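Novice: Sequence:
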Amino acid sequence: MDVDSEPLNSQDNVEDCMMTGVKENVNCTCDCGGTSSKCASVTADDIINQTFETSDAAYKLYVRYVRCLGFGVHKGDTTRGKDGTQCRRMFFCSKEGKRAEKYISSLSRKREHRALTRTGCEVMLAVYLDTKTSTWRVKKLVEKHNHDLGP
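Residue 380 is where the sequence shown starts when you use the numbering used here, and the numbers rise one by one after that.
Among the hints, erroneous ones may be present.
Stated by the list, open to error - Ranges of calculated distance between the beta carbons of each label pair, as one might list FRET restraints:
1) 511 to 424: 20 to 30 Å
2) 513 to 489: 16 to 26 Å
3) 523 to 479: 20 to 30 Å
4) 513 to 423: 22 to 32 Å
Calculated directly from the structure, the hints in this document are not laboratory data. Everything numeric in this text was worked out from a predicted model, so none of it was measured. We treat Cβ as the ideally placed atom computed from N, Cα and C, and that holds for glycine.
Full structure from sequences and hints, please.
Specialist: Written out as structure tokens, the structure reads:
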């Protein structure tokens, strides 16, 4: 399992993933606070109907989407084909999964545990490589959180 975590911070550039045909978001909750004319709302329909040149392009669009909703995202599993190229990539809510029990119940810890932040949230985006067109397509988008979203 290949897991990369990339925190969202105010230095991330909102312009990185501009889309055509997406209207401005008056009520955006991302880093710009809705004051930037370049900030656009991204809906689930925009994501489901998109094709991407790379899995990173899908990730950038998903990051814009989750910022407007007020939660974080991290990169998850990658599946590779027989030739070693990526054929599937998954992105999860930052509260996905739970800490392993062996780390919680360990009696030999020298320091206190960090706060439990993961809730087992199942929100995710799965994209796969369509080999016929050499583009990445959305295979699955789950939107139901089991926790409150940030401001």
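Novice: A separate judgement is required for each hint: does it hold in the structure or not?
Specialist: Structure-based check of each hint:
no., hint, result
1, 511 to 424: 20 to 30 Å, "holds (24 Å)"
2, 513 to 489: 16 to 26 Å, "violated (51 Å)"
3, 523 to 479: 20 to 30 Å, "holds (24 Å)"
4, 513 to 423: 22 to 32 Å, "holds (25 Å)"
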